[in-house]
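Peer 1: These are the residues of each chain, in order.
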Amino acid sequence: MLEFIQGYYAYIFLATAFTIGLYGMMVKQNLMKKVLGMSIVAATTIMFWIVGAYKEGAGVTVLDPRIGVEDPGMYLNPLPHTLMLTAIVVAVVTLGVALALLIGIYREYKTLDEPTLLERMK
Amino acid sequence: MSTTNTELCSKESSMMAPTESPIVHLASRGISPVILLVGMYVFFHGHYSPGGGFQGGVLLAAAILLLRLSLGTSLSQPVMPSWITLRLSALGALIFAGIGLLSILLGGNFLDYHYLPMPWLEPAYLRYYGILLVEVGVTITVMTTLVAIYDDLLGC
Amino acid sequence: MKTLQYLLLLTFLGILIVAVTNLPPRGDVTAPVHQHVNPAGTIVAGTYFIQHAYEDARTPNMLTVVLADYRAFDTLGEVIVVFAGGLACFFILNRGRRKP
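Just so you know, the sequences run in chain order A, B and C. Residues are numbered in the working numbering as their position in the first sequence, beginning at 1, plus a constant of 306. Residues are numbered in the working numbering as their position in the second sequence, beginning at 1, plus a constant of 899. Residues are numbered in the working numbering as their position in the third sequence, beginning at 1, plus a constant of 41.
Warning: the hint list may mix true and false statements.
As the list claims (entries may be wrong) - With beta-carbon atoms standing in for the labels, derived distance ranges:
{"no.": "1", "chain 1": "C", "residue 1": "A81", "chain 2": "B", "residue 2": "W982", "range": "51 to 61 angstroms"}
{"no.": "2", "chain 1": "B", "residue 1": "N1008", "chain 2": "C", "residue 2": "Y89", "range": "14 to 24 angstroms"}
{"no.": "3", "chain 1": "B", "residue 1": "E1021", "chain 2": "A", "residue 2": "T322", "range": "34 to 44 angstroms"}
{"no.": "4", "chain 1": "C", "residue 1": "Y89", "chain 2": "B", "residue 2": "L1000", "range": "45 to 55 angstroms"}
{"no.": "5", "chain 1": "A", "residue 1": "I311", "chain 2": "C", "residue 2": "G55", "range": "14 to 24 angstroms"}
{"no.": "6", "chain 1": "C", "residue 1": "A125", "chain 2": "A", "residue 2": "I326", "range": "42 to 52 angstroms"}
{"no.": "7", "chain 1": "A", "residue 1": "I394", "chain 2": "B", "residue 2": "V978", "range": "20 to 30 angstroms"}
{"no.": "8", "chain 1": "B", "residue 1": "G1006", "chain 2": "A", "residue 2": "M338", "range": "44 to 54 angstroms"}
{"no.": "9", "chain 1": "C", "residue 1": "L50", "chain 2": "A", "residue 2": "I356", "range": "17 to 27 angstroms"}
{"no.": "10", "chain 1": "B", "residue 1": "E1021", "chain 2": "A", "residue 2": "I394", "range": "46 to 56 angstroms"}
{"no.": "11", "chain 1": "A", "residue 1": "T417", "chain 2": "C", "residue 2": "Y89", "range": "46 to 56 angstroms"}
{"no.": "12", "chain 1": "C", "residue 1": "G55", "chain 2": "B", "residue 2": "Y940", "range": "41 to 51 angstroms"}
{"no.": "13", "chain 1": "C", "residue 1": "P80", "chain 2": "B", "residue 2": "W982", "range": "55 to 65 angstroms"}
{"no.": "14", "chain 1": "A", "residue 1": "G374", "chain 2": "C", "residue 2": "A81", "range": "49 to 59 angstroms"}
Claimed, not checked - Just a sample of chain C residues kept apart from chain B, beta carbon distances all over 12 angstroms, derived:
{"no.": "15", "residue": "L51"}
{"no.": "16", "residue": "F53"}
{"no.": "17", "residue": "L54"}
{"no.": "18", "residue": "A60"}
{"no.": "19", "residue": "L64"}
{"no.": "20", "residue": "G82"}
{"no.": "21", "residue": "V85"}
{"no.": "22", "residue": "A86"}
{"no.": "23", "residue": "T88"}
{"no.": "24", "residue": "P101"}
{"no.": "25", "residue": "A109"}
It is worth saying that the hints were derived from the structure and are not from the lab. Note that this is a predicted model, so its numbers are computed, not measured. Just so you know, even glycine gets a beta-carbon here, dropped at the ideal spot from N, CA and C.
Next up, chain A with everything else stripped away, as it sits in the complex (with noise of 0.2 angstroms):
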C-alpha cells in the first residue's frame, strides 16, 4: 500500500487537479473564472509530462565530466523538458490574450457572467 502511495500519489493529486479545472470550466458561470479553470488545466498538464519523465537514479539534464556520457541512466530525457519550457510560455501568452478578450468583453457589455452577457448580446 505504501508502495503504491509513493508511485502514484502525484498522478492521483493531478487528475484530481485536472477535474477541478474542468469544473471551474464546465460548471462555473463567470467567464473570469473560466479563464482560471484553463489556466488550471493547463498547468496540470504540464505537471504530468514533468512527472511522467522522472526516473530513479537520474539527475538534471547538465553534463557532469565526473559521470560522463556513457550510461544515459544517470541523466533524465531532455525532451519532455524541452516540450513543457515552450509549453509554459505558450501557456502565458494564451492566458494574455485570453484575458485581453475578457477586458474587451467587458468593455463593450460592462458585465462577464455568462447568463447576463447572453441576455445583452441579443
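Assemble chains B and C onto chain A, guided by the hints.
Peer 2: Relative to the frame of chain A, chains B and C by itself:
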C-alpha cells in the same frame, strides 16, 4: 516623461498610478536591479546550468513589471518605454529567423549553424555561438512581449 | 442540469484515476518510456541527445542544445507564437483608439 505618456495613453486608470507607500517604492527600486542581474545570469549561464532564453526573459520581464506595479506606468517609462516593446519583440523574432536565413544564404539548411560566417571557430564552437545568438532573440521577444501584454491590459 | 454536470465530472475523475493507476509507477526505470533502446533495436531520441549533445555543440546543458539546435525550428515557431500573442493583445485592446 509624463507629457509623452499622456500622449501615448488616452486615459489614465487607477492601476497606472504610483503607490502611496514609500516603503514599497523604495524596496521595489532596490530589488528590481537585483532581479535584472539574476535574469542576465540565468540567460548567459543557460549553456552550463539550468536556464536559458525563456527563463531569463521571464525574469527580466518580472523586474520591469515590478517597477511598473510600484512606481506606476509613467515613472517607469525610462526603464522600458511602452512604445518600444512590440518593436523589440519583432526584432527578437527577426534575429532568430535572420540567423536561419543567413545560414540558407551561405549554403546550408535553415537554422544550420554550421554555415555561420565565423570561420576562425571550429565547427562545434560554431554551434555554441549559434545557440547563444538564437537565445538572444528568444530572450528579447519573451521579455518585451510580457511587458507589452501588461501595458495593453492596463490600457496604455 | 447541475447534477448531470457533477455526475459527468465525477465519472471523468474516476476514468482518469483508473487510467493513471494503470501507468507504470513514478520513477520506475523499467518503464517503456525510460528504455534506451527501441523495440526495433535502434537507440531512442533521448539517448542520442544525451550522448551526442556535448560533442555536437560543446554545451554541457543538453536541454539548451535540444531547444536551440536539434529542435530550433520548433523554437522559432514558438517565438512567433509569442510575438503573435503580444500583437493580438495590442490589436484587441487598442481597437478603435488612435495612437500617435
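Peer 1: Honestly, which of those hints from before does the structure not fit?
Peer 2: Violated hints (numbers, rising): 3, 4, 6, 10, 14, 24 and 25; every other hint is consistent with the structure.
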